[in-house]
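Trainee: Chains as they are written, first to last, in our numbering: chain A, 1 to 316; chain B, 1001 to 1535; chain C, 2001 to 2094; chain D, 3001 to 3200.
Hints were generated in silico from the structure; no laboratory data involved.
Some clues are possibly wrong.
In silico contact screen, one side only, chain B against chain A (beta carbon under 8 Å); selected entries [unchecked claim]:
hint: 1; residue: 1137
hint: 2; residue: 1141
hint: 3; residue: 1146
hint: 4; residue: 1323
hint: 5; residue: 1336
hint: 6; residue: 1343
Heads up, incomplete: computed chain C residues facing chain B, CB under 7 Å, no partners named [claimed, not checked]:
hint: 7; residue: 2084
hint: 8; residue: 2090
hint: 9; residue: 2093
These numbers were taken from a predicted model, which means no experiment stands behind them.
The C-beta atom is built at its ideal place from N, Cα and C for all residues, glycine as well.
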Amino acid sequence: MYSTTGIDASNFVSTFNTSFYFIAGISLFLLTGLTITMLYFVFKYNKKKHKVAIQNEGNLLLEITWTAIPVILALMMFYYGWEGWKPLGKVPANAMTVTTTARMWSFSFRYENGKESADLVVPVNTPVKINLVSLDVIHSLFIPAYRIKSDIVPGREKVMWFLPEREGDYDLYCAEYCGLRHSYMKSMVKVISKEKFAAWLGDTTTLAVATTGTTPGEEGLSIMRIQGCLACHSSDGTKIVGPTYLNLFGKQEVVTRNGTDVTITVDSAYIKRSIFEPNADIVKGYPKGLMQSYKGKISDADITKIIEYLKSLNEK
Amino acid sequence: MIYQKDTAEPSYLDYKGKYKGIFSWIFSTDHKRIALLYMFSILTFFAIGATLGLLMKFELIAPGRTIMSAQAYNAFFTLHGIIMIFAVVIPGLPAVFGNFLLPIMIGAKDVAFPRINLLSWYLYVTGVSLVVISQFTGQGPPDTGWTFYAPYSFRTAGNMLPAVFGAFVLGFSSILTGLNFLVTIHRMRAPGMTWLKMPLFPWTLYATGWVQLLATPIIGITLLMIVAERTLHIGFFDPTLGGDPLLYQHLFWTYSHPAVYIMILPAMGAISEIITTYSHKAIFGYKFMIASVLAIAFVGYFIWGHHMFTSGMSGTALYTFSLLTFIVAVPSAIKVFNWIATMHQGSIDLQTPFYWAMAFLFVFMIGGFSGLILGSLAANVHLHNTHFVVAHFHFIVFGGTGFAFFGAMHYWYPKITGRMYDTRWANIGLVLFFIGFITLYGPMFYLGFKGMPRRYYDYDEVFHAGNIVSTMGSWVLYSGLVIIVINLFASLKSKIKAPSDPWGGKTLEWTIPSPPPVENFEEIPTVTKGPYNYS
Amino acid sequence: MENEKNHIIPYRTFLFVLAGLITLTLTSAVVTQISLGTFTVAIALIIATIKSSLVLRVFMHLKFESRMFSLAVIAVVLLIATVIIITLLDYLYR
Amino acid sequence: MTGETHRDDLTSKTGMWLFLFTEMLLFGGLFVVYSVYRFRNPVAFHLAAQELSVTIGTINTIILLTSSTMIAMSITALQTKNKKLTLFLLGITILLGLAFLVNKYFEWGGHIKEHIYPGSSILALRGQGDVLFFGLYFFMTGLHALHIIIGLIFIAIITAKIFRNKITFNNYVLLENSGLYWHLVDLIWIFLYPLFYLIT
Ligand code: HEA
Ligand code: HEA
Ligand code: CUA
Ligand SMILES: [Cu+2]
């Protein structure tokens, strides 16, 4: 949500507004004008008042007029739309680069120094260039407050950019339908002052959403948040798309391995395998191919932390 | 139902052919009976699709889960979209009113290929059944939206194949209808009916026929490629195999944009007939009306890219498509102006169909104008895939084609059934329908402008208020529709028989009895005057 | 039957056309084996176009039908070409 | 009953032509796909095309052209009331069509033996251009072969009708229509041939 007062949230708000209100204004004018004319005719030439119609098969001059005027209006509308769109393609050279990785059903953002975050944290008044990467299907990164959106197409390099002009938190949605939890695929844009940002970015020890709590597995949880595991796995027993983490560790369960069912015990090795080769063992009752491999994205050390977190979820 | 005949020739409803009962319908090759077969099947599927829409609106009345799971919601809008587009509005006016009236309006006894006509109805029923069956079989219902975007459409576990194949069969049915009409118009006009003496409704069917014929095969092959992709993993649209998902979108919209003109052109034709008849005045700018129909059909073929503005097309493609999108709006503008000019100095008889036409004009303009906003590059970047688009197309598809369908239903009802309906209830239904319509879809413009994406099962609290209003609108709409439908059914038993020309229309269908005799014309008329000769 | 006596094409014509078609096929096979760079594509397609217009005009009787048919065929071919060109607008300038 | 078929040859021929237009657009969609992928993978397409045998392609082209000529001549034969010759020419048309399919069968079989088929993991290793080229190759020639089969069935039915004197010199529009269909299948091949076999 955004406010319509004060400075614009991004540089693209004004170009959008020009194009939108120009067309909307003309449209509203024509809509009212034509509707009133129609109603007026219907009253004035009602059968009761106007018994016999006066035949008139057409008028060339009128036809030419009402072809020419819409053509001119339409070309003007096109022009504003195009002018407003052009800057979208011109990424400033001094822009800060962030890479977003979209997957079913989460975004994660990686900065040039390797820091990863589940929210898009950016300094105010600095152009931001976003490299768009999708690991599975088409997603679309949409920031309503900034009036921009760009599809994230797997297998294709794309960038988008914007200039945040005001501090604050803004919603970031996935705007291309991508499956079951499409409507939950969202994040935040957090615009903070340049100083705060520098401090935040420099601090690579804590991750963006990590709280420095001391409960066991806290770190594992924040790794999973950034990696987007929680889009499919819950920690409270509900089934989202994948199995829940609640009471997972140490559990006995049936998996399909190469087409045959085997019963396994969930231990550290199995969890590691589940993360690196998710399609090797498919938990019974769940679809194959949804979970992608995280090989190379999660280190062994991080897996240990994840397991620690999973263990913490076992009810005594 | 008992129908009285008022001529020596039995009416098509009374005619006793080789078969009895239901078989006298489903084996009939009479274009009028086939039209009614279509009418009942389309209304049935409309009821299914509309109920899904109603349920979706229930779900959206509050954030979070209200009545269904996310899985169900996704399946619902997919099925709703497929049914409404492929099974209701694309066949809608051509298959029902086109089938019934095209031969009569051009002075022919039937369409050129009556048996193919029946075949296309069978294909239609098969196609929709496949789509509906896909919901209940396999590994869960298809959940891709009616656009079947790759690569999701071959990743999902949903039961895609029957749905896609069903859409393919529906496309085939649509091609056959279009082909039949084209040949009928080319070859079977009554003596003396030159191209420029043909009424506008057949003209729009003619243009539509070409679009059906030349655009539908593209979706056919695209859907086949999706099938091949899912079964053989060819890699046409799979980025990991080198394919390009955007190419799928190009192909899909190469059909599906022209398809929106398949939906609207016959609607425009029906509205033209209604407006002249009740104004008792020849259509203003007859030739320009024809030219604009042909222009829409032609230019409409080349603007598909406006559905892909944010997908990362090249700049050149973007502005070509945007420019052409604006150009295609101009012929629609010409039509609107000519319709209103037709009312000028007319002698307007305010009957129910005319109210429908007025309502049509109003919502069509809103839908069209919102289309212009979407066609603008800068605005589209924000509004694409939000509820603004949902509002646009409901206004123009439902408001345009849907309103024209109901208008045509009330206009030709006496001709088709031989009875008059109760005007008062028809008007009450219409008013409720209209109010409900605006309350249902109006707020969606606002929601979309504020950034609520479409195909969202759940949404943030900020969008709550708009959704409540919208959902309540759907109930008003619903009550209006129920009144309209009940009224039309009840009037079948009405005692008031329809004369052959209840409204003072001038086209050929009003010269024969209501309901028409089996052979339409005792003697094929010879046409000497233009279609709208009121002087 | 309202159309007048149908045109009868002598066998000779068909055999001549067949000979022409086969010659063109062989020519294109030979020509494209010698590397001509980008011209290969052009030549192969031009020959294919000549061949298809022969088939259309003689085998498919377009030469003898009303002009409407030929115009319609040309229009459809142009339509396909335009669709390809417009689609390529995206790919060429990306 | 309305819709009793009062015969009008031009009407049914017009219908057939319109149907052929839809066929052209059906393949037109595939030509769009071909153009795009060829444009994106020029080198791979170039190299992959060299693996197809120009000889087999050329032979098949000639077979199909000849068969097309035969059916065209059969119309002349029927018009001149020469039933025997008509049946003979149609027989050859069918035989040539079958020969085309047999050739295609061996050609495909050869590829499949070399692990070139859609979804083959060995093909996938060769790179995306190859996958697409052969994907299109199988899909387009496959669809074309399907059309050949449909065409053959039609021609077979027509032949039987001529044999039983259901179709004679004064109502041969069905023969003309299946001829048109057969020529269209030929036309499409005329373009598939250079696109897959020649442009190397
Ligand atoms: C009946 C169907 C129908 C019709 C007729 C139209 C007509 C138009 N449509 Fe619409 N459209 C759809 C059905 C239709 N549309 C559907 C179903 C979708 C969504 C698909 C999906 O994604 O699921 C869609 C989506 C859609 C988009 C993509 C949105 C997005 O996803 O980002 C765009 C963008 O340009 C667009 C534009 C237009 C335009 C410019 C017209 C024009 O033809 C409108 C012309 C009419 C007028 C302009 C009004 C009358 C004119 C005047 C009164 C005079 C004044 C005029 C001028 C000054 C020019 N439409
Ligand atoms: C002709 C086309 C058409 C029509 C008429 C409708 C009608 C309705 N649609 Fe439509 N809709 C589409 C075409 C249409 N829709 C398309 C193409 C999509 C896109 C799908 C996609 O994203 O893939 C869509 C998507 C769509 C969405 C968006 C989903 C999302 O993006 O999250 C919503 C949400 O509210 C919705 C709601 C409705 C409602 C409430 C109606 C209602 O107005 C229905 C009106 C009728 C009633 C309320 C009465 C019902 C009556 C009866 C049950 C009984 C009697 C009737 C008879 C016997 C005839 N539709
Ligand atoms: Cu990701 Cu929708
Ligand atoms: Cu469109």
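Trainee: A separate judgement is required for each hint: does it hold in the structure or not?
Mentor: Taking the hints in turn, this is what the structure says about them:
The restraint placing residue 1137 of chain B at the interface with chain A is violated, with a minimum CB-CB distance near 16 Å, outside the 8 Å limit. A cut of 8 Å between beta carbons decides the hint on residue 1141 of chain B: the least distance to chain A is about 12 Å, and the hint is violated. Checking residue 1146 of chain B against chain A: minimum C-beta separation of about 11 Å lies over 8 Å; hint violated. Interface hint at residue 1323 of chain B: satisfied, since its Cβ lies 5 Å from the closest Cβ of chain A, which is below the 8 Å cut-off.
Contact between residue 1336 of chain B and chain A, as hinted, is supported at the beta carbon level, the nearest pair being about 7 Å apart and thus within 8 Å. Using the Cβ-Cβ criterion of 8 Å, the hint placing residue 1343 of chain B at the interface with chain A is satisfied: the shortest such distance is roughly 4 Å. For residue 2084 of chain C, the interface hint is violated, since its Cβ never comes within 7 Å of a Cβ in chain B; the closest pair sits about 10 Å apart. Interface hint at residue 2090 of chain C: satisfied, since its Cβ lies 4 Å from the closest Cβ of chain B, which is below the 7 Å cut-off.
Hint on residue 2093 of chain C holds. Least Cβ distance to chain B is approximately 4 Å, under the 7 Å limit.
In the structure shown, a violation is registered for the earlier hints numbered 1, 2, 3 and 7, in ascending order.
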